[in-house]
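Protein sequence lines, in the order shown, are assigned to chains A and B.
Quick note on numbering: the first sequence equals residues 70 to 608 in this note's numbering.
Quick note on numbering: the second sequence equals residues 63 to 372 in this note's numbering.
In case anyone wonders, no lab produced these hints; they're calculated from the structure.
Misleading hints may appear alongside valid ones.
Computed cross-link-like contacts, EDC-like style, restricted to lysine to aspartate or glutamate with a CA-CA straight-line distance of at most 20 angstroms [what the hints assert, rightly or not]:
#  : chain 1 : residue 1 : chain 2 : residue 2
1  : A       : Lys242    : A       : Asp162
2  : A       : Lys262    : A       : Asp233
3  : A       : Lys293    : A       : Glu108
4  : B       : Lys101    : A       : Glu108
5  : A       : Lys459    : B       : Glu100
6  : A       : Lys459    : A       : Glu489
7  : A       : Lys220    : B       : Asp118
8  : A       : Lys589    : A       : Glu352
9  : B       : Lys142    : A       : Asp432
10 : A       : Lys293    : B       : Asp118
11 : A       : Lys568    : A       : Asp428
12 : A       : Lys463    : B       : Glu100
13 : A       : Lys198    : B       : Glu114
14 : A       : Lys220    : B       : Glu109
15 : B       : Lys105    : A       : Glu521
16 : A       : Lys498    : B       : Glu153
17 : A       : Lys145    : A       : Asp580
18 : A       : Lys332    : B       : Glu219
19 : A       : Lys275    : B       : Glu221
20 : B       : Lys214    : A       : Asp342
21 : A       : Lys332    : B       : Glu221
22 : A       : Lys275    : B       : Glu150
23 : A       : Lys465    : A       : Asp393
Quick caveat: nothing in here was measured; it's all calculated off a predicted structure.
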Amino acid sequence: MKKKTGVLLFALLFVLATVTAGCGGPSAEREQAAPQILELNLANGEPTSLDPAQAFDQDSMDVVNSLFEGLMRLNKDHQPEPAVAEKVDKSDDLRTYTFTLRKDAKWSNGELVTAHDFEYAWKRVLNPKTASSASYLMYFIKNGEKYNAGKASADEVGVKAKDDHTLVVELEKPTPFFEELTCYTVYAPVYKKGLEQNQDLYGNGKEYVGNGPFVLKSWKHDSKIVTEKNKYYRDADAVKLNGIEWNMYADEATAYQMYQSGKLHINGYPPVDLKDSLIKKGEAKVTSDSGLEFYRFNVNKKPFTNEKIRRAFALAVDRQLLVDRVVRGQEKIATAFVAPGTTSESGDFRADGPSFFEDAQFDQAKKLLREGMKEEGWKELPTVELLLNKDSDKNKKVAEAIQEMYRKHLGVNIKLRAMETKVFFDNQKSQNYTLSRSTFLPDYNDPYNYLESFQTDHPTNRTGWSNKKYDELLKKAGAETDESKRIQLLHEAEKILMKEMPIIPLYYYNDVYMQKPEVKHVLRHTVGPNDYKYVTLEN
Amino acid sequence: MLRYIGKRFVIMLATLWLIASLTFVLMHSIPGDPFTSEKKFPKATLENLKKEYNLDKPIPVQYLLYLKNLATFDLGISIKTPTRTVNEMIEDGFPNSAQLGVQALAIAVSAGILMGMVAAIYQSRMPDYIMMVLAVIGISVPNFVLGPLFQKYLGLEWEIFPIAGWGDFEQSVMPSIALAFLPLALVTRLMRSSMLDVLGQDYIRTARAKGLPPFRVLSRHSLRNAIIPVVTIIGPLSIGILTGSFVIEKIFSIPGIGKYFVESVTNRDYSVIMGVTIFYAGLLIFMNFLVDLAYGLIDPRIKLGSKEAR
Numbered sequence: 070m071k072k073k074t075g076v077l078l079f080a081l082l083f084v085l086a087t088v089t090a091g092c093g094g095p096s097a098e099r100e101q102a103a104p105q106i107l108e109l110n111l112a113n114g115e116p117t118s119l120d121p122a123q124a125f126d127q128d129s130m131d132v133v134n135s136l137f138e139g140l141m142r143l144n145k146d147h148q149p150e151p152a153v154a155e156k157v158d159k160s161d162d163l164r165t166y167t168f169t170l171r172k173d174a175k176w177s178n179g180e181l182v183t184a185h186d187f188e189y190a191w192k193r194v195l196n197p198k199t200a201s202s203a204s205y206l207m208y209f210i211k212n213g214e215k216y217n218a219g220k221a222s223a224d225e226v227g228v229k230a231k232d233d234h235t236l237v238v239e240l241e242k243p244t245p246f247f248e249e250l251t252c253y254t255v256y257a258p259v260y261k262k263g264l265e266q267n268q269d270l271y272g273n274g275k276e277y278v279g280n281g282p283f284v285l286k287s288w289k290h291d292s293k294i295v296t297e298k299n300k301y302y303r304d305a306d307a308v309k310l311n312g313i314e315w316n317m318y319a320d321e322a323t324a325y326q327m328y329q330s331g332k333l334h335i336n337g338y339p340p341v342d343l344k345d346s347l348i349k350k351g352e353a354k355v356t357s358d359s360g361l362e363f364y365r366f367n368v369n370k371k372p373f374t375n376e377k378i379r380r381a382f383a384l385a386v387d388r389q390l391l392v393d394r395v396v397r398g399q400e401k402i403a404t405a406f407v408a409p410g411t412t413s414e415s416g417d418f419r420a421d422g423p424s425f426f427e428d429a430q431f432d433q434a435k436k437l438l439r440e441g442m443k444e445e446g447w448k449e450l451p452t453v454e455l456l457l458n459k460d461s462d463k464n465k466k467v468a469e470a471i472q473e474m475y476r477k478h479l480g481v482n483i484k485l486r487a488m489e490t491k492v493f494f495d496n497q498k499s500q501n502y503t504l505s506r507s508t509f510l511p512d513y514n515d516p517y518n519y520l521e522s523f524q525t526d527h528p529t530n531r532t533g534w535s536n537k538k539y540d541e542l543l544k545k546a547g548a549e550t551d552e553s554k555r556i557q558l559l560h561e562a563e564k565i566l567m568k569e570m571p572i573i574p575l576y577y578y579n580d581v582y583m584q585k586p587e588v589k590h591v592l593r594h595t596v597g598p599n600d601y602k603y604v605t606l607e608n
Numbered sequence: 063m064l065r066y067i068g069k070r071f072v073i074m075l076a077t078l079w080l081i082a083s084l085t086f087v088l089m090h091s092i093p094g095d096p097f098t099s100e101k102k103f104p105k106a107t108l109e110n111l112k113k114e115y116n117l118d119k120p121i122p123v124q125y126l127l128y129l130k131n132l133a134t135f136d137l138g139i140s141i142k143t144p145t146r147t148v149n150e151m152i153e154d155g156f157p158n159s160a161q162l163g164v165q166a167l168a169i170a171v172s173a174g175i176l177m178g179m180v181a182a183i184y185q186s187r188m189p190d191y192i193m194m195v196l197a198v199i200g201i202s203v204p205n206f207v208l209g210p211l212f213q214k215y216l217g218l219e220w221e222i223f224p225i226a227g228w229g230d231f232e233q234s235v236m237p238s239i240a241l242a243f244l245p246l247a248l249v250t251r252l253m254r255s256s257m258l259d260v261l262g263q264d265y266i267r268t269a270r271a272k273g274l275p276p277f278r279v280l281s282r283h284s285l286r287n288a289i290i291p292v293v294t295i296i297g298p299l300s301i302g303i304l305t306g307s308f309v310i311e312k313i314f315s316i317p318g319i320g321k322y323f324v325e326s327v328t329n330r331d332y333s334v335i336m337g338v339t340i341f342y343a344g345l346l347i348f349m350n351f352l353v354d355l356a357y358g359l360i361d362p363r364i365k366l367g368s369k370e371a372r
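Please put together the full structure from these sequences, using the hints given.
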């Protein structure tokens, strides 16, 4: 008997293998080849959360934006227009907003969306127990920050539903971009009645209730999110799609092949190596995005204690060459800090702001370096180390290119220090560097968001740079109710920043994507999630 | 035998505790935390986040809290995807990784044993060379090359199998084969050398001299003896495969747990790091135990628990 057990063991293994292999079974969700289903991809796989209070990365926000609608929604020109709200009244000091809600805005179960849902949702975001990482976007609301820090009660927060259709919001200070903020997913309403019964309402796909153009049908983790048109949506006539399916191909080569085989309508992240040729062949399109790539100086560390030397390092970079040969995504070079497309009521901030220096000024850079070293009495330049995170090949290539530019144009050899991402940020934040790779992505579309970063001791500053005049200008701009004066103050502040140069702007980010020709009317906003509400598939 | 199993069980628990403690210490000693990113959260937000995950408490307290939860099989909530528990993530992901793994393992073991045997029997002749060239290819071509190659030709160009995704059996064919390549090569080489060793033994000559038909000699006398080294590596090999492959799962977009091993560390998602490590370690320890038991079944000379046998 015993002799047979060995053979048996293997027989068992085979049986196990065939049985489990068979278990895969027929797929429940094979696409039904319905013509009006938009197939999209979440390039980072499973979204962090589909709860409006928690969703704070691009993928999650894109999905949530199709499932919810706030008081306002961004229109084709990226400007806020009334959505669930039908009317907005602002007080003269811009500190009290009264939103009148439409009477026909409904949840996906047919119930009415009320002002109470908004009040509940916003206080939920600010509730310290929710531990929302997006809560600071609500610090503009009166006592929002205090409540979030546990220093005020929920009742003291400046948002109140006067009745079912009136929401009164009090702000800490005049916030000209508040209407824009109400378009973002964190400001979306939540279904109060459902959440009170089931805390996990937005954690799974079973009882999910939203008020957006689409409604969640199923959510298979790490695999697929299926949504269909929400028949109760207040603007349902404008929605032509029958649904959106969000696939999760996290590998960019796989996503590319799925797009090529026609299983995806849009591929938001073409493979880096192919980007350049895809753009040239017209298969990938480019639109401007927000934010920029830049390098930070540590102004407390030699040699960057000297302004002229900082300037020399900024001028010795050939940005156009960098973008054309290394980054290769047709990015625009950055010679200021606020990116073009940063709009406020008075239009594009960059349109009337100058570019602060010329790209690739090698002779001037050399001269400035000599002068700077003379001022400091240095015979030799102290060692410069460039800190960078090595999670992408691109960072390294850019750093090496800049290293070479400094060698060639300044005669300076800098060292590269590549680190794992979290270690890198740890070092950057504790200012343990001389020169550091940096990125900036705005939270909302206003120049103030860019410029506030470099106030003294602001958590995003990280350069040790401090300028009293700058701080004062930012403070004034934050309190200014006159739009043109406010913009003027911000321009002045940026001028100071670019004169003293605690940073080297490199290039502005853009958005490169592949989209099938039949897909029309995708709204790509410079800041905030994409909107697929109006999409049509035409053959 | 029962006493042996009891003793092994205690040792297994102790090993698991040691692994959990070591992981905990290592994890907290690397720089950065789950909330380190380009965005710097305001202090209040950061404090709320830390409180939510007990990260505001001193590390020894966190450790005790963790052990307490672990005793009730509660692995906590993922920090990166706050709406999911680690238990759910493993429950959802492991069956998929395991299915893929079982298929890959079945291919690797059955084909590997067969190829190894053929190579040994035809030693230094054409079939042997072919098998060994295949084995070298299997060992040296990484699966992040194989995967996209399969996708490009079998998927996109010839449209034999779906490019990626999970759910249908067809979707699991390409990733299974890609995943099976390396273990297949290992098993083939191991089986070949072990078989060669056995074929040279006296008792094989005796069996042949007795006039046993060649197939019987092969199946009864050679295979049973030659297979022991292969069984030894099946334990650790199967765990490595069953718990998923980061690369294969990412390329073929399979909702398994392979990616958590890598991504949890980059994200410093403490609860997920601990959860998947303990899960992996527990399985590995248990499989080794099973393999030890299997020795006793295959080779009666190995007596479990008795000191003389060691």
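Quick rundown of the hints versus the structure:
Restraint check for Lys242/A and Asp162/A: the C-alpha separation of about 9 angstroms stays at or below 20 angstroms, so the hint holds. The suggested pairing of Lys262/A with Asp233/A holds, with an alpha-carbon distance near 14 angstroms, which does not exceed 20 angstroms. Of the supplied pair hints, the one linking Lys293/A and Glu108/A holds, its CA atoms being roughly 10 angstroms apart against a limit of 20 angstroms. For the hint linking Lys101/B to Glu108/A, the alpha-carbon distance of about 31 angstroms lies beyond 20 angstroms, and the restraint is violated.
For the suggested pair Lys459/A and Glu100/B, the alpha carbons sit about 14 angstroms apart, so the restraint of at most 20 angstroms is met. A hinted pair counts as satisfied when its Cα atoms are at most 20 angstroms apart, and Lys459/A with Glu489/A qualifies at roughly 6 angstroms. Taken as a hint, the Lys220/A and Asp118/B pair is honoured in the structure, with Cα atoms around 18 angstroms apart against an allowance of 20 angstroms. For the given pair, Lys589/A sits about 15 angstroms from Glu352/A by alpha-carbon distance, which is consistent with the 20 angstroms threshold.
A hinted pair counts as satisfied when its Cα atoms are at most 20 angstroms apart, and Lys142/B with Asp432/A does not qualify at roughly 48 angstroms. Restraint check for Lys293/A and Asp118/B: not satisfied, since their Cα atoms lie roughly 35 angstroms apart, outside the 20 angstroms limit. Between Lys568/A and Asp428/A, the direct Cα distance comes to roughly 15 angstroms. Compliance with the 20 angstroms bound is thereby established for this hinted pair. Of the pairs offered as hints, the one joining Lys463/A and Glu100/B holds, with about 17 angstroms between alpha carbons and a cut-off of 20 angstroms not exceeded.
Of the pairs offered as hints, the one joining Lys198/A and Glu114/B holds, with about 7 angstroms between alpha carbons and a cut-off of 20 angstroms not exceeded. Between Lys220/A and Glu109/B the alpha-carbon distance is near 13 angstroms, which keeps this suggested pair within the 20 angstroms criterion. Taking the CA atoms of Lys105/B and Glu521/A, the gap is about 17 angstroms. The hint holds against a cut of 20 angstroms. With a CA separation close to 37 angstroms, the supplied pair Lys498/A and Glu153/B exceeds the 20 angstroms bound.
Using a Cα cut-off of 20 angstroms, the hinted pair Lys145/A and Asp580/A holds, with the two alpha carbons roughly 17 angstroms apart. The straight-line distance between the Cα atoms of Lys332/A and Glu219/B is roughly 14 angstroms, inside the 20 angstroms bound, and the hint therefore holds. Restraint check for Lys275/A and Glu221/B: the C-alpha separation of about 35 angstroms exceeds 20 angstroms, so the hint is violated. Straight-line distance between C-alpha atoms of Lys214/B and Asp342/A comes to about 17 angstroms, which keeps the hinted pair within the 20 angstroms bound.
Pair hint Lys332/A plus Glu221/B holds up; C-alpha atoms about 13 angstroms apart against a cutoff of 20 angstroms. As the CA atoms of Lys275/A and Glu150/B are separated by approximately 15 angstroms, the hinted pair is consistent with the 20 angstroms bound. A hinted pair counts as satisfied when its Cα atoms are at most 20 angstroms apart, and Lys465/A with Asp393/A qualifies at roughly 16 angstroms.
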